[in-house]
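Student: From first to last, the protein sequence lines stand for chains A and B.
Quick note on this note's numbering: the first sequence kicks off at 1 and runs consecutively.
Quick note on this note's numbering: the second sequence kicks off at 1 and runs consecutively.
Keep in mind that the hints were calculated from the coordinates and are not lab data.
Owing to the predicted nature of the structure, the values given are computational and were not obtained by experimental measurement.
Where is the CB? At the ideal position from N, CA and C, for every residue including glycine.
Check the hints yourself; a few may be wrong.
[As the list claims (entries may be wrong)] Calculated cross-link-like contacts (lysine to aspartate or glutamate; reagent style DMTMM-like; alpha-carbon spacing at most 20 Å): (1) Lys24(B) <-> Asp80(A); (2) Lys295(B) <-> Asp80(A); (3) Lys68(B) <-> Glu83(B); (4) Lys63(B) <-> Glu83(B); (5) Lys24(B) <-> Glu14(B); (6) Lys57(A) <-> Asp80(A).
[To be verified] Which residues of chain B face chain A? A few of them, derived with a C-beta cut under 10 Å, are: (7) Arg134; (8) Ala141; (9) Val153; (10) Leu279; (11) Asn282.
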Amino acid sequence: MAELKYYIIRRILTFLPTLIGLTLITFVVSMLVPGNPARLWAGGIKASPEVIEAVKKRYHLDEPLYMQYYYYLRNLLRGDLGVSPLTHRPVITDIMSYFPATVELAIFAELLVILMGIPLGIISALKRDSVIDHAVRVFSLIGVSVPVFWLGLMLQWLFYYYLGWLPAGGRGPAPPRIYTKLYVLDSLLCGRWDLFWSNVAHIILPAFTLAYIGVGMVARVTRSSVLDVLSSDFVIFLNVKGLSRLSVLRHVIKNALVPIVTILGLEFGGLLGGAVITETIFFWPGIGRYAVQGINSLDFPAIMGVTVLIGLIYIIVNLAVDLLYAVIDPRVRL
Amino acid sequence: MKPLQSSRIGQYLERNRAKIEEWKLTLKVLLRSPSAVCGLVLVLLFLFMAVFGPYISPSDPYKIDFAKRLRPPSSGNPFGTDEYGRDLLSRVLHGARVSLIVGIVTLAICVPVGVVLGLIAGYFGGVVDEVIMRVTDIFLAFPALVLAMALSVAMGSGLMTVMIALAVVWWPAYVRITRGQVLSVRENLFIEAAKAMGISDFWIIARHILPNVLSPIIVIATMDMGAVILTAAALSFIGLGAQPPTPEWGRLVADGQPYFPECWWYVFFPGIAIFLTVLGFNLLGDGIRDALDPKIRRRLEFKSAEGESQ
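Pulled out of the complex, with its shape left as it was, chain B reads as follows (with noise of 0.2 Å):
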C-alpha cells in the first residue's frame, strides 16, 4: 500500500511542479521583504496567543480580587490590575481569541459569499451582474461600521450579532474585486477554448476562472483580517458585542477609559494589542501583494539569482 501511496504523491508532485515551484518562489520573496516577515512574526503572535493563551496566562482572567485593584504593572501582574482587581495581562491574552474568532467567523461568511456572487456577475453578465451589482451598490451607500453598529443593535448585543453584522457590510467588497478580476480572466483564449470545446459554465468558473482570481482575493482578506478586528473592537468599545465580565480588546479600553490616564495600563495595554495585530495582518498583506504581483517578482528574483552567483 505504502509504496503506491508515495508514488502517488510523486505523480502529483511531478505533475504540479511548476505550480510548486511558483509557490515556493513566492514565499522566498515573501521572506526577503523586511517589512512582510514583521507582519508574519506579528500575526504568528496574535495566532499563537489566541491558541495558547488560555494556558499560558499567569492566572484566571476572571477572577476578582478587590485588594488588587488598580495596581500598577508590577512583577505579578505585568500589565497591572483592572477595577475588579483581574490580571490584565491575562485578560488581554484571552482577548486574542475572541478577536480571531471574530475575524474568521466573518470572513468565512463573507469571502465565499462575495466571491460567488462575484464570479457569477462577472461570469454571466447582462441582467444577472445588473441585478447582483445594484445590490451591491445599494450596500456600499452606508459606512461599515454605522450600518454595523443599527445591524447589532437591532439584532440584540452579543458576539455572533456583531459577526453577522459585520458580515452583512463586508462581503459587497468581494463582489466587486472578484468581478473585476473575472472580467479580465473571462476574455482569455483558454476560456474561449474551454466553452468551444462544450465545458460546462460550473466546470470552467471553477476550473479556469476561480483560480485565476484568487490572489487578489487572498490580499484583500488577509488585510480585511486586521480591519474585521479593528471595527469589531471599534463595536465592543461603543457597548456592543461581547459583554462583560468576556475579555475583549475594544471592550477592556472601554472600561478603563474612566479610569485614565491616572490608571493608564488599563487602557494602554488592550490598546497596543489591537495595534500590533491589526499591523501584523496588513504589513502581512502588503508583503503577499508584492510576493504574488509578477512584475515586483521577476525583479526580485532576478536580484536573488545575481546574488547568488556572485
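Isolated chain A (complex conformation) (with noise of 0.2 Å):
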C-alpha cells in the first residue's frame, strides 16, 4: 500500500504546476482583451479620465505584469471573478446561481454515457461483425460527425414538434423546497413525483444530445478494450478451465474497464465544452449558456469566469480519474 501512497501524493503534487499553469494561460488570455480595460470596466469610452485612473488603480493596471498576475491570483482564491459590466453583480454571484442547472445537466449525460456507452461496447465486442456491432459503430461515426448543434435542433424537432413527447428547453419547475439545488433530486427529496417526471422529461433532451458523442466514443473504446482482455491468456485460461460463459464474462469485463476510465475523465472535457452549446440550444440556464450571452455583450469578466472554473472542474476531475485508476489498476503505481 505504501507504493499507492506515493503514487498519490506524486499525482497531487504535479496537481500543482497545472493549476498554475491554468492560471497563467487565463491570465494572458485577459490581458489580450482589446483596447483598454479600464476604459471597459470603466463603462465604455464616455467615462472621463478621473474615473478611468482611478478604475486602473483599482485593478493593478498601473503596476507591472507579475504584481498585476499575482493579484488575480489573489482574487481568484478568493472567489473575486471581477463585476459584470452587464448585470452589474459580482461574476461569482451569477456563475453560482447558473452552475447547479449545468451540474444537473452534466450528471445526467455522464450517467447516460456510461449506461449507454459501456454496455453498448460489451455487446458489440462479444457479438463482433453483428448488425450491433456495425450500428454502434455508425453511431459512434456519427458522434464524431455531427455538429452538436445541429444534432439538437434535429432532436428538437423530432421530439417536440413532431412527436410532441418532451419539451423543447428550458428548465423543469422548481420543487417546493430546495435542498440540493439540482431539481430533480429535490423533486424526489420533496416527494413530488409529478414534478419529478416533468424535470426529467425537460432534462433528457438536452442530455442526450450533449452525451452523444461521448457515448460513442466510450463505446468504441469499450470494445477493443473487451477484444484485448477476450484474447489474453488468462481467459483463455478461464475457458480451459471450464468455467460457465457468465463468470469468464465477468473476470473480462472487471479487467476491461480499467482503460475506459481514463477516456471517462477525457470525455468529460468533451461534456464541459458541449455544454456551452447544448445550453444555448435548449435554453438550459446553466454556465454555458451564461458564457455565450455574455459573448454577444462583450461581457468578458463573465466569460473568463465560466472558462477558469471550466477548465479547474476539468483538472480535479482528471485527477480524480487518475487516482481512481491507481487504485484499480495496481500497475499504475510502480
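Dock chain to chain to rebuild the complex, using the hints, since each chain is given by itself in its own frame.
Tutor: This is how it looks when you write it as C-alpha cells:
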C-alpha cells in the first residue's frame, strides 16, 4: 500500500503546476482583451479620465505584469472573478446561480454515457461483426461528425414539434423546497413525483444531445478493451478450466474497465465544452449559456469566469480519474 | 536537355522503387475499402465546392431580395431562401470555401509546431522533454472549445482570430503523438548507427526519424481537418468567427434557428453540409489508418493476390 500512497502524493504534487499553468493561461488571455480594460470596465469610451485612473488603480493596471498576475491569483483564491459590466453583479454570484443547472445536466449526460456506452461496447465486442456491432460503429461515427448544435435542433424537431413527447427546452419547474439545487433530486426529496417526471422530461433531450459524442467514444474504447482482454492468456485459461460463460464474462469486464475509466475523464472535458452549445440550444439556464450571452454583450469577466471554472473542474476530474485508476489498476503505481 | 531530365527521373524512380511500390499498395488498399472510398468522395465533393463553389453557384450569395423572403426549397432555390431572400444554396456553396480555409490555416499552423516540438522532446529527452511536455499538459487542461471561445472573445471577432485560437488549442495533441512515435523509433539500430557515424542530430531527425513518424500524423491530421471544421462551426454558431454577411455554415444554422422549425431548410442544409464534410474526413482518416497499418495491409494484400490468382 506504500506505493499507492506515494503515487497519490506524486500525482497531487503535479496537480499544483497544472493549476498554476491554468491560471497563467487565463491571465494571459484576459490581457489580450482589445482596448483598454479600464475603459471597458468604466463603462465605455464616455468615462472621464479621472474615473479611468481610479479604475486603473483599483484593478492594479498601472503595476508591472507579475504584480498584476499576483493580484489576479489572489482574487481568484478569494473567489473574486470581477464584476459583470452587464448585470453589475459580481461574476461569482452570477455563476453560482447558474452552476447547479450545469451540474445537473452534466451528471445526467455522464450517466447516459456510462449506462449506454459501456453496455453497447461490450455487446459489440461479444457479437463482433454482427448487425449490432456495425450499428454501434455507425452511431459513434455520426457522434464525432455531427455538429452538436444541429443534432440538438433535429432532436428538438423530432421529439417536440413532430412527436410532441418532450418539451422544447428550458429547465423543469422548481420543487417547493430546495435542498441540493438539483431539481430532479429535490423533487424526489420533496416526494413530488409529478415534478420529478416533469424535470426528467425537461433534462432528457439536452442530456442526450450532450452525451451523444461520449456514448460513441466510450462504446468504441470499451469494445477494443473487451476484445483485448478476451484474447489474453488468462481468459483462455478460464475457458479451458471450464468456467461458465457468465463467470468468464465477469472476469473480462472487470479487467476491461481499467482503460475505460481514463476515457471517461477525457470525455468529461468534451462534455463541459459541449455544455456551452447544448445549453444555448435548449435554453438551459447554466453557465455555458451564461458565457454565450456574455459573448454577444462583450461581458468579458463573465466569459473568463466560466473559462476558469470549467478548466478547474476539468483538471480536478482528471486528477480524480487518475487516482481512481491507481486504485483499480496496481500496475500504475509502479 | 530533355533525355537527360527523363533519365534523371528514371534514375529517381529506380532508386525509390520500393517506396513507390509501397505507396501504390497503400492507395490500392485504401480504394478497396468501401467506407474509405465514401470518405474520399465526400472530401473531394467538399474540395470541389470550396474551389469551384463561387463559379457554379446559381446566384449571388449576398443579393438581398425581400420579395423572396424565407421561401421553401423550389426549382429556383433548391435549398430555399433566408430571411433576406438570399439563395441558401449559393450561401452554402460559398461557405465551403470559408470552412476549407479555416481548416487548412489552422492545421498549417499547429501541425508543424506540434511535430517539431514533439521531435525535439522525444529525441533529446531530459530537461527539454520535461519542459515541453509540462507546457503541453497545461494547454490540455482545458476543453478545446472553451479555451478557443475565451481566446476568440479576447482577440476580437473575425475569421483570423478563430483560426489562431483553434491553432493555440490544437498543437499540443501533435506534440504528444509525435513524441510517442519518436520514443519508439529512437530505439532502432539504424539511429544508433547514424549516431555512431557522427551524423548531426538535425540530420538524423530530419532524414531518419521524421519519415518514420509521419504516418500516424497524416491520419490524425486528416481526421482533425474534420474536427477543426466542426469546432470552427460551433464557435461561429455562438457568434464568434465569421461575421455576417459572410456565409459560414455554423453561422447559417445560428441565423436560421429563430425560424426553426417552420423554415426547416434554413437550419437543415448548412447543418447537413457540415455533417457530411466532417464525416468524409473521418471516414478517409480511418481508411488511411487501415491502409498504412502493416498488419491489415498484408492481410488485404494476401487476399487480393489470392483473388487475382483465381
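Student: Now tell me, hint by hint, if it's right for this structure.
Tutor: Hint check results:
{"no.": "1", "hint": "Lys24(B) <-> Asp80(A)", "result": "61 Å, violated"}
{"no.": "2", "hint": "Lys295(B) <-> Asp80(A)", "result": "56 Å, violated"}
{"no.": "3", "hint": "Lys68(B) <-> Glu83(B)", "result": "9 Å, holds"}
{"no.": "4", "hint": "Lys63(B) <-> Glu83(B)", "result": "12 Å, holds"}
{"no.": "5", "hint": "Lys24(B) <-> Glu14(B)", "result": "15 Å, holds"}
{"no.": "6", "hint": "Lys57(A) <-> Asp80(A)", "result": "17 Å, holds"}
{"no.": "7", "hint": "Arg134", "result": "6 Å, holds"}
{"no.": "8", "hint": "Ala141", "result": "5 Å, holds"}
{"no.": "9", "hint": "Val153", "result": "5 Å, holds"}
{"no.": "10", "hint": "Leu279", "result": "4 Å, holds"}
{"no.": "11", "hint": "Asn282", "result": "5 Å, holds"}
Checked against the numbered hints above, the structure breaks hints 1, 2 and satisfies the rest.
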